[in-house]
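Chemist: Following the hints, put chains W, D, F and C in place on chain U, whose structure we already have.
One line per chain: the protein sequences are U, W, D, F and C, in this order.
Under the working numbering, the letters of the first sequence match residues 1 to 371, in that order.
Under the working numbering, the letters of the second sequence match residues 1001 to 1371, in that order.
Under the working numbering, the letters of the third sequence match residues 2001 to 2371, in that order.
Under the working numbering, the letters of the fourth sequence match residues 3001 to 3371, in that order.
Under the working numbering, the letters of the fifth sequence match residues 4001 to 4371, in that order.
Some hints could be false.
Unchecked claim - Straight line, CA to CA, 30 Å or less: simulated DSS-like cross-link-like pairs of lysine-lysine:
1. Lys2254/D / Lys1275/W
2. Lys62/U / Lys32/U
3. Lys4032/C / Lys4060/C
4. Lys4032/C / Lys3298/F
5. Lys1164/W / Lys365/U
6. Lys3104/F / Lys3221/F
7. Lys2087/D / Lys1254/W
8. Lys4104/C / Lys4060/C
9. Lys2254/D / Lys3229/F
10. Lys3211/F / Lys2275/D
11. Lys2211/D / Lys275/U
12. Lys3221/F / Lys2229/D
13. Lys4211/C / Lys87/U
14. Lys2104/D / Lys3298/F
15. Lys3221/F / Lys4275/C
16. Lys2254/D / Lys3138/F
17. Lys2087/D / Lys1164/W
18. Lys211/U / Lys4060/C
19. Lys2104/D / Lys1298/W
20. Lys4060/C / Lys4161/C
21. Lys211/U / Lys4161/C
22. Lys1211/W / Lys211/U
23. Lys3229/F / Lys4221/C
24. Lys221/U / Lys1030/W
25. Lys3211/F / Lys4298/C
26. Lys4164/C / Lys3211/F
Please keep in mind that the hints were generated in silico from the structure rather than gathered at the bench.
In this text the structure is predicted, and so the values were computed from the model without any measurement.
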Amino acid sequence: MSKRSRFKHKRMGQVGDIPGMIRVPDDALKPKISVYSYNADEVITSTGDEIDVIIKQFDKCKCHTHWIKVNGLGDATLIEKIGDLLKINVLVLEDITNTHQRPKFDEYEGYFFATSRIIQLSHAGDEMLNTQFSAIVKDDLIISFQENYEDCFDAVINRLKAGKGIIRTGGPAYMCYALMDTIIDTYFVVLADIGESLDALEDRLYASADKTIMYDSQHMKRELIMMRKVSWPERDKINDMIRSDSALISTEVKTYLRDAYDHCIHIMDVIDSYKEITTSITDLYLSMVSNRMNEIMKVLTIISVIFIPLTFVAGIYGMNFARQDDKGHIITDNMPELYMHHAYPVALISMLIIAAILIFIFWRKGWFNRL
Amino acid sequence: MSKRSRFKHKRMGQVGDIPGMIRVPDDALKPKISVYSYNADEVITSTGDEIDVIIKQFDKCKCHTHWIKVNGLGDATLIEKIGDLLKINVLVLEDITNTHQRPKFDEYEGYFFATSRIIQLSHAGDEMLNTQFSAIVKDDLIISFQENYEDCFDAVINRLKAGKGIIRTGGPAYMCYALMDTIIDTYFVVLADIGESLDALEDRLYASADKTIMYDSQHMKRELIMMRKVSWPERDKINDMIRSDSALISTEVKTYLRDAYDHCIHIMDVIDSYKEITTSITDLYLSMVSNRMNEIMKVLTIISVIFIPLTFVAGIYGMNFARQDDKGHIITDNMPELYMHHAYPVALISMLIIAAILIFIFWRKGWFNRL
Amino acid sequence: MSKRSRFKHKRMGQVGDIPGMIRVPDDALKPKISVYSYNADEVITSTGDEIDVIIKQFDKCKCHTHWIKVNGLGDATLIEKIGDLLKINVLVLEDITNTHQRPKFDEYEGYFFATSRIIQLSHAGDEMLNTQFSAIVKDDLIISFQENYEDCFDAVINRLKAGKGIIRTGGPAYMCYALMDTIIDTYFVVLADIGESLDALEDRLYASADKTIMYDSQHMKRELIMMRKVSWPERDKINDMIRSDSALISTEVKTYLRDAYDHCIHIMDVIDSYKEITTSITDLYLSMVSNRMNEIMKVLTIISVIFIPLTFVAGIYGMNFARQDDKGHIITDNMPELYMHHAYPVALISMLIIAAILIFIFWRKGWFNRL
Amino acid sequence: MSKRSRFKHKRMGQVGDIPGMIRVPDDALKPKISVYSYNADEVITSTGDEIDVIIKQFDKCKCHTHWIKVNGLGDATLIEKIGDLLKINVLVLEDITNTHQRPKFDEYEGYFFATSRIIQLSHAGDEMLNTQFSAIVKDDLIISFQENYEDCFDAVINRLKAGKGIIRTGGPAYMCYALMDTIIDTYFVVLADIGESLDALEDRLYASADKTIMYDSQHMKRELIMMRKVSWPERDKINDMIRSDSALISTEVKTYLRDAYDHCIHIMDVIDSYKEITTSITDLYLSMVSNRMNEIMKVLTIISVIFIPLTFVAGIYGMNFARQDDKGHIITDNMPELYMHHAYPVALISMLIIAAILIFIFWRKGWFNRL
Amino acid sequence: MSKRSRFKHKRMGQVGDIPGMIRVPDDALKPKISVYSYNADEVITSTGDEIDVIIKQFDKCKCHTHWIKVNGLGDATLIEKIGDLLKINVLVLEDITNTHQRPKFDEYEGYFFATSRIIQLSHAGDEMLNTQFSAIVKDDLIISFQENYEDCFDAVINRLKAGKGIIRTGGPAYMCYALMDTIIDTYFVVLADIGESLDALEDRLYASADKTIMYDSQHMKRELIMMRKVSWPERDKINDMIRSDSALISTEVKTYLRDAYDHCIHIMDVIDSYKEITTSITDLYLSMVSNRMNEIMKVLTIISVIFIPLTFVAGIYGMNFARQDDKGHIITDNMPELYMHHAYPVALISMLIIAAILIFIFWRKGWFNRL
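The following block holds chain U by itself, in its conformation from the complex:
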């Protein structure tokens, strides 16, 4: 269980920090920069880890759209330099490095800023990684930031290189859409994985109701709640982009955003269904445990109750009532049954009959039926 990971909601920075102050956590990765400059005809790629790579590319490709892809946020100075180069508000830079943003869309003079959450399964497959994606879109460029080096956008890069669709001609806002749409697509992958786990969980539930089912169900519920918390503002963000009157987002891109909006709604539908399934698994588990416990207690109690009168009868004939005559001989008139012929087998048979009657009564009352 990865419960710990979700408890760390501490915001970077300290009480009373100057707003817009860029603080980088100690364990942040060193940035790697890739620049893709493309137009209808070609894609020119450079990579590096200094701001020079961007400036050189700008000089080289004057009639291109640029996609600057930054992986790793571990260098405050670099990010400040990028901010200076592109004339970005310090609050935006703070939001880029403070990786606990909800998905949001903010418009500024001459550019817009959007964040998403990338939800991925870890490579081990047993944990969900929730990292931040942020992008700034200006006239002829988009710059995107990721916390780590995960290759989420390989499919987009391939399409860009292959020149499929309108990706080379759609401008930076279309590229921004393409990246966000890819992120939303990964949500479906994660949900499919959760769906399979729920499937397996339900199978285990019907096979044997052990305690881990409850824990796992709670665990999945928390993951779903987390996904809901991500996809809800994601939907709002896309809606904000659709309703924005920014010149950067063309009508055509808005048509695509509407499609992404539908996907968000679909994701939230699936999450809701899955949450209901986890709830119903928990309820069923509790009811099965309680039923099984009741079943056990019932059987045990019935066994006890059948033996109790028999033991009582045995106790009766274990009593020492006796009369003795003068010679110390027992006179058989005080507990005469004890001294009768065949009294013992008769007693045993009586006990059997008592047991049989009790069993019959309990059976008639339906107490042997499964609950």
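Modeler: Frame of chain U; chains W, D, F and C shown alone:
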């Protein structure tokens, strides 16, 4: 239980696909095309499985309204060809083949696109089929798509052939309304079936509360939740159509849509009532099981408690306290009761009295009353 | 319990029916028509069961407002004839005969259409009747439809005949208000009845918590949910009427409607209070049952536990440890207690002391206190 | 418990009454009228129980603002006369006498009408009184109605007589605000009382969890729900007054009303906190009862289980297996333990060891820990 | 547990007080005044406890922005004097001293008034302090009020003295933002503390489920609810400030406020997550307690049930059935087993076999599995 079927929410397509890419699942059925061209005077029908059948019909019937009915979505090329012929946006074509759309209404330049969910009982009657219906309405034609070959719209075809009502003169938007209204009507059929199952379930509950009632109740609740998820956006869609200022939807058609809107609200009312009934069945079941269990435990415990003092008394007189005189004869002054005349019947009667007193006390306290 | 009655939500008509088709259920009552034509001076009344009675009254009373009251909807032809005479949309006629409408207010060219639900106690008093009232208001007439022959509107007819208030001069919209206000007034009657039942139920709960309390509470809750489902859209309907800019509804009538609106809100308040009371009754019942059960089990278990050590002691002295000398005489040194003087009374007293100690301990721990 | 009082939600009047009909309950108190005529310089007071007192005061004080205070609504004729004198709509008069109004604000031509609910502790302190306050504000007068003779507004009268603040110069709307603000202030008093009761309840809960805690908690919850039902529309009413464009409410008064609005919100906050506390008390109570019961059952069962094997051992050595030689002497080789030296003490010690082992095992498993 | 502290919601003042009356609680601290007058070049500081210190500073620093910081509200006269000096509405002064305000933003002629709640851990760390911060912003000054002497704003003062960022040039509204942002930052500190406590609580839960977990979880839930009640209106307040068209709040400050708005939303997200965790801890605790109890009862009952038949067998052979011949010798044909060779070991072995069979059956049924 058809739980599996509802877990497959995987979206067709893969992460990073080009938006508007048409992917057809492997098990999709081969399309069958029927074209109904009609005006006030006549209905001309053609069927086929190639796009030619549409083109020919267009040539033949120039003053008709066309209803192109496509059953089966298993041929991506055909759907692309239809898209080219009618000049439909690729995102719309993607939505038609990606059969997990919520009901929605989208307006485009010169046409509108609407989807519904068809909810039907399977022929075996033990499962609910949730398939997609989508329709594009242009100036003089409507093209509808279904996932399978089910004959949901026979009633509409019959009305069309008989020329009843305004169906031949109402234009393609009225035809779209007629198809959607038919789909909503089938919801009533499905709900009536669920209502009867709930009736039967309640009868079974009062007859004998076994575990399957809980499972069946949960199962029905999920079906109702699924129907609610379908009818809620269905209502919104119809509302969008009513509020649309598209020239394709006349005021008269809007009057009919308002009627369909009322039906949706009625459906949601019924679904809510049924959900409450499933909840109350579950609650009653749990309370009955708990009551029955309590009843059993109470009876068993009362039986035990009545016998415990009796067994104790028998234990007392099973003790071996004895004094012997020199000759090994027992002197009767240590447990004198044992040696008294009629001590044994007196002991038995005492036990009976103890039992009677206990029973009387428990009866006075009302412990024999049913809970 | 009248649970069955609420399961029948099947809509009249069949899948694919022409919209506006009037279908009359087989058990619908034959219509009876009463026409009240009134102005400030007089009220002229005719009754009959054919449309002629309306036409004749129209001819006779040209300067009157007409209230046509139709009880029973069992004659599709008659309703169609009325629709033709008054030029009513077929969808309205369908809504009149399909008696599962929610309260609603629809405006049409030259008239408006409103429905309400009449909630009444059956004459036996053990069931709630939920029937449909619908009214069409035109320039100088109002036509009202009821499912049955119940005399809900006697008070209005009396006021009309007596000429009290502005009923004769307020026009058809005021008459429509008067009828709807009377319907809302009956809700108060029904709620007062439910309030008394809840009172009685609470008394029974405190007297003795038996299972029927739970069933009755559930039953009342369902009735309240049903009433809430009726009064919620009723409120919306009245609000729609207040906000309507139809010339048929004067400002004065709107003042009265606002009063009716307040009544609706009051009704919903009362319903909510009552629902909370049913919930709290159920909770209290469950808690009392559980407490009583716990109480019983506790007492029984305490009795058992007190006797268990006693029985053990008796078992000890029922053991047959013995040493015999050569002559078969028992040597008293193996279980010496058995052979001591007064050993038996000492044993009995020891048992008493053990029991007393146990009872004292349990009492100190507060286990004899009521839970 | 004052549960009864809250069940009486029957509206005055009968089904089909003329709207605006004034019906006075039989137990309504006879009205007492006080008239306070004030301007910046003086306050002139008259009291009486007839309308004359108002008319005379009007004649006498022509340049004053009048506050007519009516306590008791038991005289329909008087109220009608007042209505005639001040030209008030009959619906308003009906609302004044039908004392089940929610707080509301209605504007009429030339005056406005507002109602509040006065929540007070009864003099005995064990019940909450929920009575109606209503006020009509016209150009130069305010007339207020209360159901009873309680002196809620003494503080206002004192301020009026002392001429503190702007009460003499603020006009009738300010007086209306002052009265309503006083009513809201009493809510704080009632809430403080409930807060103390909750405090005491929690103390009792931790001291000993008996059944009355549950009842009292339910009782307080109902009182809080009732207060919430009153303060919610109270807030809406004040908001309506703030947003009103009536000339009667000056901007200055609106500033004060905003203050009252904040108080309402504060009250609702406190109510919500208290409701959460009642819920948590109930939950804690249930959990404590269940824990205590479990604790008792556990201890009892452990005692039983420790004695069961001991009793079994005693049972073993109570068996009568024996071999006799020809002379009736018992041969000691069938149950040799019985005849061994020191067998009895050994048996007793074995039993002790068995008990000790069981106790050790249970202790190791942590079963003696408090739950 | 600090439950008491949250019960005291009594509003200062008494029923019927003049609105705007300043009442100071007896235990309020004596005010300390610090005045910071700053411009781009310098910061001039004075402190004192009389209004003179403000007046003097005003005289001395005519081209500065003033931040008047008042700690402690225990002097009604002083606050009235400040109100007179700055021409503040008495209602505002009342809100400053009545320290139960929700965060709010009110605009007045020439100034605005805003309140926040400062949530801090007490120095002992075991309690949360919820005190009021209020600020009035005018053209060239901001005056802030705190209930106590806590140094929450040291970081801001340090920034002011160091002249970092735009704090010296941003005007009083920016200073107001800086103070409120610092307050919001402390929420993160408190939440981080709660997060660690939840972490520890979950660890304790998995280690051993004792009753204090439930209490602590309830306690934390209440703290979270309190924080939610504070941060919700805080968010609304900031939103109101962003939407305000007051000339006092420049566009640049609004950009910063949007950042603070995002922080509020983030805080509410964290609070919601934590509330879910407390709920899930409570649920898990209850389920674990119930499971453990069930486990104990099951084991105990199984032990009982195994011994019951054995004890019965022992009871059988403890019966005294016997026949004696004339000489008082026992004839071995009545309970022949008793007199057979090796009967005793056979009996013991039979008992072992019975126990083994029972254990085997229970094991096969899975009753030894952990629940």
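Chemist: Hint by hint, say whether it matches the structure.
Modeler: Hint by hint, here is what the structure shows:
1. Only pairs whose Cα atoms come within 30 Å are accepted, and Lys2254/D paired with Lys1275/W is rejected, the gap being roughly 37 Å.
2. Using a Cα cut-off of 30 Å, the hinted pair Lys62/U and Lys32/U holds, with the two alpha carbons roughly 23 Å apart.
3. Our distance criterion of 30 Å between C-alpha atoms is met by Lys4032/C and Lys4060/C, whose separation comes to about 20 Å.
4. Restraint check for Lys4032/C and Lys3298/F: not satisfied, since their Cα atoms lie roughly 61 Å apart, outside the 30 Å limit.
5. Under the criterion of a C-alpha separation no larger than 30 Å, the hint pairing Lys1164/W with Lys365/U is inconsistent with the structure, at around 62 Å.
6. Taking the CA atoms of Lys3104/F and Lys3221/F, the gap is about 25 Å. The hint holds against a cut of 30 Å.
7. Taking the CA atoms of Lys2087/D and Lys1254/W, the gap is about 19 Å. The hint holds against a cut of 30 Å.
8. Distance restraint check for Lys4104/C and Lys4060/C: the Cα-Cα separation of roughly 33 Å exceeds the 30 Å cut-off, and the hinted pair is therefore not satisfied.
9. Taking the CA atoms of Lys2254/D and Lys3229/F, the gap is near 26 Å; set against the 30 Å cutoff, the hint holds.
10. Only pairs whose Cα atoms come within 30 Å are accepted, and Lys3211/F paired with Lys2275/D is accepted, the gap being roughly 23 Å.
11. Taking the CA atoms of Lys2211/D and Lys275/U, the gap is near 34 Å; set against the 30 Å cutoff, the hint is violated.
12. Distance hint between Lys3221/F and Lys2229/D is fulfilled; the C-alpha atoms sit about 25 Å from each other, no more than 30 Å.
13. Distance restraint check for Lys4211/C and Lys87/U: the Cα-Cα separation of roughly 58 Å exceeds the 30 Å cut-off, and the hinted pair is therefore not satisfied.
14. Restraint check for Lys2104/D and Lys3298/F: not satisfied, since their Cα atoms lie roughly 61 Å apart, outside the 30 Å limit.
15. Distance restraint check for Lys3221/F and Lys4275/C: the Cα-Cα separation of roughly 22 Å lies within the 30 Å cut-off, and the hinted pair is therefore satisfied.
16. For the suggested pair Lys2254/D and Lys3138/F, the alpha carbons sit about 22 Å apart, so the restraint of at most 30 Å is met.
17. For the hint pairing Lys2087/D with Lys1164/W, the CA-to-CA distance comes to about 21 Å; that is within 30 Å, so the pair holds.
18. Between the alpha carbons of Lys211/U and Lys4060/C the distance comes to roughly 74 Å, so the proposed pair goes past 30 Å and is violated.
19. Distance hint between Lys2104/D and Lys1298/W is unfulfilled; the C-alpha atoms sit about 54 Å from each other, more than 30 Å.
20. Proximity of Lys4060/C to Lys4161/C is assessed by CA-CA distance (about 19 Å); at most 30 Å being required, the pair is judged to hold.
21. Restraint check for Lys211/U and Lys4161/C: not satisfied, since their Cα atoms lie roughly 59 Å apart, outside the 30 Å limit.
22. Between Lys1211/W and Lys211/U the alpha-carbon distance is near 20 Å, which keeps this suggested pair within the 30 Å criterion.
23. With a C-alpha separation of about 25 Å, the suggested pair Lys3229/F and Lys4221/C falls inside the 30 Å cut-off, and the hint holds.
24. For a cut-off of 30 Å, the pair hint linking Lys221/U to Lys1030/W is broken: about 40 Å separates their Cα positions.
25. Among the hinted pairs, Lys3211/F with Lys4298/C is consistent with the structure: their alpha-carbon atoms are about 29 Å apart, no more than 30 Å.
26. Between Lys4164/C and Lys3211/F the alpha-carbon distance is near 63 Å, which puts this suggested pair outside the 30 Å criterion.
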